[in-house]
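Residues per chain are reported as follows:
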Amino acid sequence: MTAAVPTRPSGFLAALLRNRKFVAGAGIFLLIAVVALVGSLTVDPRLRGAGRFPPRQPPGTAAILGTDTLGRSIAVQMTQAVPNSLQVGLIAALIGTLLGAAIGFISGYFSGIVDALLRILIDVFLSVPSLLFLILIAALVRGVGVRTMALIIGIFAWPSPARQVRAQILSLKERPFVEVARLSGMSGIEIVFRELAPHMLQWLGANFVNAFIAAILAESGLSILGLGPQREMTLGMLIYWALNYGAVLQNLWWWWGTPVVTLILLFLSLYLIHIGLDEVSNPRLQGR
Amino acid sequence: MLRNRAAIAFVLVLLVVAMALGGCAAATPQTVVQEVTVPVEVTKVVEVTVEVTTVVEKEVVVTPTPAAPADATRLETLNIALSGQVADPTNLNIYAPGVSRSGTGIHQVIYEYFFYQNLQTGEYIPWLAESYEYSEDFTQLSVKLREGVTWSDGEAFTAEDVVFTYDTLLANPGMTWASEVTKWVESVEAVDDYNVTFNLLAPSPRLHLNREAFPAVGIWGGITILPKHVWENEDPLTFKSTDPIGTGAYRLVNATTTSFTFERRDDWWGTTVWDVVPAPRTINFQYVGPETTVALALAANEIDTPFIGILSVGSLQEIMRRNPNVHAWTDEPPYAWLDPCPRPLMVNNAVAPWDQKEARWALSYMIDREAIVALAYEGTTVPAWGIWPNYDGNQPYFDAIADLLEQYPSGTYDPAKGEELLQSIGYTKGDDGMWVSAEGEPLRVRYLVQADSTEEMKVSAVLADQLQTQGIEVELQPLAGGVMSDTILRGEYDIKLHSFCPGYIYENLELFNSKFYVPLGEAAPWYERNSFRYNNPEFSAIVDEMGSTSPDDTETIIAQFHDAMAIWLDELPVVPIVQAPALVPFNTTYWEGWPSATDPWNMPVSWWATFELVLTGYTAPETGEWVGGIHPAGQ
Numbered sequence: 001m002t003a004a005v006p007t008r009p010s011g012f013l014a015a016l017l018r019n020r021k022f023v024a025g026a027g028i029f030l031l032i033a034v035v036a037l038v039g040s041l042t043v044d045p046r047l048r049g050a051g052r053f054p055p056r057q058p059p060g061t062a063a064i065l066g067t068d069t070l071g072r073s074i075a076v077q078m079t080q081a082v083p084n085s086l087q088v089g090l091i092a093a094l095i096g097t098l099l100g101a102a103i104g105f106i107s108g109y110f111s112g113i114v115d116a117l118l119r120i121l122i123d124v125f126l127s128v129p130s131l132l133f134l135i136l137i138a139a140l141v142r143g144v145g146v147r148t149m150a151l152i153i154g155i156f157a158w159p160s161p162a163r164q165v166r167a168q169i170l171s172l173k174e175r176p177f178v179e180v181a182r183l184s185g186m187s188g189i190e191i192v193f194r195e196l197a198p199h200m201l202q203w204l205g206a207n208f209v210n211a212f213i214a215a216i217l218a219e220s221g222l223s224i225l226g227l228g229p230q231r232e233m234t235l236g237m238l239i240y241w242a243l244n245y246g247a248v249l250q251n252l253w254w255w256w257g258t259p260v261v262t263l264i265l266l267f268l269s270l271y272l273i274h275i276g277l278d279e280v281s282n283p284r285l286q287g288r
Numbered sequence: 001m002l003r004n005r006a007a008i009a010f011v012l013v014l015l016v017v018a019m020a021l022g023g024c025a026a027a028t029p030q031t032v033v034q035e036v037t038v039p040v041e042v043t044k045v046v047e048v049t050v051e052v053t054t055v056v057e058k059e060v061v062v063t064p065t066p067a068a069p070a071d072a073t074r075l076e077t078l079n080i081a082l083s084g085q086v087a088d089p090t091n092l093n094i095y096a097p098g099v100s101r102s103g104t105g106i107h108q109v110i111y112e113y114f115f116y117q118n119l120q121t122g123e124y125i126p127w128l129a130e131s132y133e134y135s136e137d138f139t140q141l142s143v144k145l146r147e148g149v150t151w152s153d154g155e156a157f158t159a160e161d162v163v164f165t166y167d168t169l170l171a172n173p174g175m176t177w178a179s180e181v182t183k184w185v186e187s188v189e190a191v192d193d194y195n196v197t198f199n200l201l202a203p204s205p206r207l208h209l210n211r212e213a214f215p216a217v218g219i220w221g222g223i224t225i226l227p228k229h230v231w232e233n234e235d236p237l238t239f240k241s242t243d244p245i246g247t248g249a250y251r252l253v254n255a256t257t258t259s260f261t262f263e264r265r266d267d268w269w270g271t272t273v274w275d276v277v278p279a280p281r282t283i284n285f286q287y288v289g290p291e292t293t294v295a296l297a298l299a300a301n302e303i304d305t306p307f308i309g310i311l312s313v314g315s316l317q318e319i320m321r322r323n324p325n326v327h328a329w330t331d332e333p334p335y336a337w338l339d340p341c342p343r344p345l346m347v348n349n350a351v352a353p354w355d356q357k358e359a360r361w362a363l364s365y366m367i368d369r370e371a372i373v374a375l376a377y378e379g380t381t382v383p384a385w386g387i388w389p390n391y392d393g394n395q396p397y398f399d400a401i402a403d404l405l406e407q408y409p410s411g412t413y414d415p416a417k418g419e420e421l422l423q424s425i426g427y428t429k430g431d432d433g434m435w436v437s438a439e440g441e442p443l444r445v446r447y448l449v450q451a452d453s454t455e456e457m458k459v460s461a462v463l464a465d466q467l468q469t470q471g472i473e474v475e476l477q478p479l480a481g482g483v484m485s486d487t488i489l490r491g492e493y494d495i496k497l498h499s500f501c502p503g504y505i506y507e508n509l510e511l512f513n514s515k516f517y518v519p520l521g522e523a524a525p526w527y528e529r530n531s532f533r534y535n536n537p538e539f540s541a542i543v544d545e546m547g548s549t550s551p552d553d554t555e556t557i558i559a560q561f562h563d564a565m566a567i568w569l570d571e572l573p574v575v576p577i578v579q580a581p582a583l584v585p586f587n588t589t590y591w592e593g594w595p596s597a598t599d600p601w602n603m604p605v606s607w608w609a610t611f612e613l614v615l616t617g618y619t620a621p622e623t624g625e626w627v628g629g630i631h632p633a634g635q
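Protein sequences appear in the order of chains A and B. Each step along the first sequence adds one to the number in the numbering used here, with nothing skipped, and position 98 is 98. Each step along the second sequence adds one to the number in the numbering used here, with nothing skipped, and position 385 is 385.
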């Protein structure tokens with residue numbers, strides 16, 4: 001039983017901290033998140049307005065990351081955009097993972113008609129590209145806010161984890177310890193959440209990170225198409241305004257460059273965290 | 001499995017970056033086009049097969065030769081960039097509420113009008129009509145129609161069509177602008193096939209200038225005469241007129257949500273009467289995308305001129321740097337032509353607290369117009385204190401109310417005054433710097449914004465910030481299309497930036513006449529025709545008096561203007577913001593003869609019905625000579 005890791009969480013954490021990819025990813029991620037969060041809490045809200053800085057300034061002493069054509073500092077906008085984008089990722093990934101896990105657990109443990117129905121549901125959602133739905137919904141619900149956006153993305157993030165959790169549970173529930181639990185009088189729900197769920201935690205963690213990446217990506221994609229939260233600032237909306245107001249044409253590279261580089265770094269860091277988690281919880285991958 | 005998913009995620013990362021840089025990629029064709037310029041003369045002669053001789057002869061004279069297009073038809077095509085999409089391209093009923101007349105191209109090239117006004121030259125140009133004459137007491141207006149005018153389906157254009165159109169407007173108040181017709185016109189009679197008489201409800205010496213009651217266009221659009229034989233058995237509100245029959249020089253050949261294609265009619269009556277053929281064989285009104293896309297298309301010679309409100313000065317400068325064939329009204333700052341429709345902020349006079357003049361004045365004092373000009377308009381315009389363009393002709397009127405402007409400084413930024421006024425109506429500023437009413441309600445404005453207008457979006461960003469900083473909570477609501485026009489007309493907003501047309505002294509005051517007041521929830525006659533629900537009988541009486549004064553009696557009109565403005569400025573039904581700049585460049589790669597500051601023969605506005613005259617030129621009423629009209633480059 002190599003997968004005895006869940007019984008030793010401290011060991012798991014130690015193993016994670018020894019994983020260079022995880023440490024590098026987490027480091028970059030924390031750096032971006034902390035800088036943005038501290039910025040959003042400390043920056044004077046009055047600095048967010050148009051015309052607080054001279055317009056079209058390249059990065060320099062007046063504004064660290066330059067300003068846009070309306071005289072707004074890019075750095076100040078980033079202190080709103082990054083926390084908002086992270087919020088979308090967090091909410092959507094939480095909804096997707098929890099919903100997916102719940103459906104997967106239930107479908108996998110209770111075979112028969114429940115499983116058949118849920119499986120069909122999962123298959124239907126898996127086979128229809130979610131971006132299509134997202135574009136449709138976002139176009140219909142114009143004027144969405146950051147939270148609504150996160151909700152919309154989240155409710156399309158569950159099918160993939162659901163299917164994988166179901167497959168795992170199908171295998172786990174045939175193991176002897178489940179039999180023992182059943183014989184000792186535990187109910188089905190109890191067995192699912194007390195006996196089986198702990199075995200899935202690491203996998204769910206990795207999936208969560210993955211869903212986080214996907215959600216930030218979906219938000220950016222929709223926003224760049226003009227379907228984002230028009231009244232709030234996210235990384236996607238920052239790119240959208242930059243593109244819409246001719247930043248590329250007028251060579252205001254700092255305007256579109258800042259959110260693009262930040263997005264790349266966010267993705268890279270989350271990807272590294274994901275690989276790290278994956279390697280630690282699945283020792284067969286180590287050293288590959 | 002997991003590794004695969006991670007890898008997919010990484011590919012998606014790259015995709016996003018590619019998407020973000022899409023604009024960069026789009027910039028590349030521009031360079032290519034410039035490189036092609038060299039072998040032009042050879043290619044062009046080969047490509048033009050039919051008119052070989054003419055082309056060759058002309059080529060000798062040419063200095064700047066047009067770049068060889070990928071497709072020779074481009075030489076005969078005029079491409080105009082629209083500022084938004086059209087939700088239902090099958091509904092081209094020019095009188096149906098919510099149908100765009102200009103965003104579809106129909107009032108520019110399908111329909112024509114009795115007279116056109118050239119605001120640059122002051123000419124009143126006969127077109128479908130030859131002349132007009134008022135009766136002694138100004139209660140009748142006789143119009144002589146031009147003979148030989150035909151509809152695009154071959155039927156003759158006669159007095160019957162005029163009578164039919166007015167009968168329909170009088171019977172259907174739901175048609176766009178019908179209310180203004182109902183207000184002035186009692187009936188229209190056909191004297192014979194080519195003479196009609198307008199019987200007026202009250203003496204009106206200026207019906208021939210009233211675009212909403214008479215088929216004469218100065219600014220933007222006018223009452224449009226419909227072909228009786230097509231419309232007589234249709235419901236004028238629900239008829240879609242998908243294939244519109246007009247008298248204009250073009251016919252519609254294709255319509256989609258993003259593009260309207262028109263083709264020149266060889267049987268246009270103007271060709272017979274004046275021996276004139278408009279130069280472009282095909283005209284496309286097309287939505288190519290937001291500012292950057294339009295800018296790149298102009299630089300790449302794919303677009304000849306854009307609508308108003310798309311380009312910012314930064315983009316324009318970049319286009320002009322990349323493509324020397326792109327010219328604005330002036331080639332130096334401010335680049336823009338002064339549009340006659342200034343941009344005030346409509347404030348809903350029927351909704352608390354904005355129904356109190358103190359609240360509207362507080363708004364006015366809290367708006368820093370200089371900052372809006374500098375940031376949102378990038379210096380291409382100036383702040384405004386009123387709702388009229390800064391034309392020289394208007395100056396005597398402005399001078400006459402100098403005393404009032406001193407008393408009511410409507411263009412002034414003075415937050416302290418604004419705070420005083422808000423306090424005077426019971427508002428207090430909370431610890432968080434936001435205003436609350438005596439009942440504890442926060443002071444909130446619902447700010448409606450046209451989502452596909454770069455201009456409105458930029459102004460809203462600056463204006464919303466200003467108001468928010470002053471402690472007013474701003475709820476931005478970007479909308480577009482039919483929903484937008486419906487929301488405005490029903491008065492479901494607190495504030496909305498809007499153009500106030502036609503910009504003449506009397507006509508713009510008349511927009512505030514109580515006759516157009518409708519309760520909240522009902523559709524107002526027009527956006528600036530009081531969708532903001534101003535209602536003051538005393539003011540309206542003065543305006544009515546102005547309307548029945550002969551336009552030549554300037555002295556009386558100036559006195560009436562002073563009286564009206566004493567009320568208007570005191571109440572400030574709308575909050576003036578800026579003069580309107582029209583930042584609309586022309587590309588001379590394929591077409592030349594465009595109006596400009598150095599040759600101001602016409603107005604540079606492709607979204608007005610007067611644009612047909614930019615295409616064809618016209619007979620100058622004074623000299624009888626043919627002036628203007630665009631022509632292929634180098635000819």
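Derived from the structure by calculation, the hints contain no laboratory data. We put the CB at the ideal spot given by N, CA and C, even for glycine. One should not assume that every hint holds.
[Unchecked claim] Reference excerpt, derived from the structure (chain B facing chain A, CB under 7 Å, subset only):
id : residue
1  : Ala96
2  : Gly289
3  : Thr292
4  : Met320
5  : Glu370
6  : Ala371
7  : Leu375
8  : Val462
9  : Glu473
How the hints compare with the structure:
1. For Ala96 of chain B, the interface hint is violated, since its Cβ never comes within 7 Å of a Cβ in chain A; the closest pair sits about 23 Å apart.
2. Because the beta carbon of Gly289 of chain B sits about 9 Å from the nearest beta carbon in chain A, more than 7 Å, this interface hint is broken.
3. At about 5 Å, the closest approach between the beta carbon of Thr292 of chain B and any beta carbon in chain A falls short of 7 Å, and the interface hint on this residue holds.
4. Residue-level restraint check for Met320 of chain B is violated (minimum Cβ-Cβ distance to chain A is 12 Å; threshold 7 Å).
5. At its closest, the beta carbon of Glu370 of chain B sits 10 Å from a beta carbon of chain A; the interface hint therefore is violated under the 7 Å criterion.
6. Because the beta carbon of Ala371 of chain B sits about 5 Å from the nearest beta carbon in chain A, less than 7 Å, this interface hint is met.
7. For Leu375 of chain B, the interface hint holds, the least distance from its beta-carbon to any beta-carbon of chain A being 5 Å, beneath 7 Å.
8. Using the Cβ-Cβ criterion of 7 Å, the hint placing Val462 of chain B at the interface with chain A is satisfied: the shortest such distance is roughly 4 Å.
9. A least Cβ separation of about 12 Å between Glu473 of chain B and chain A goes past the 7 Å threshold, and the interface hint is therefore violated.
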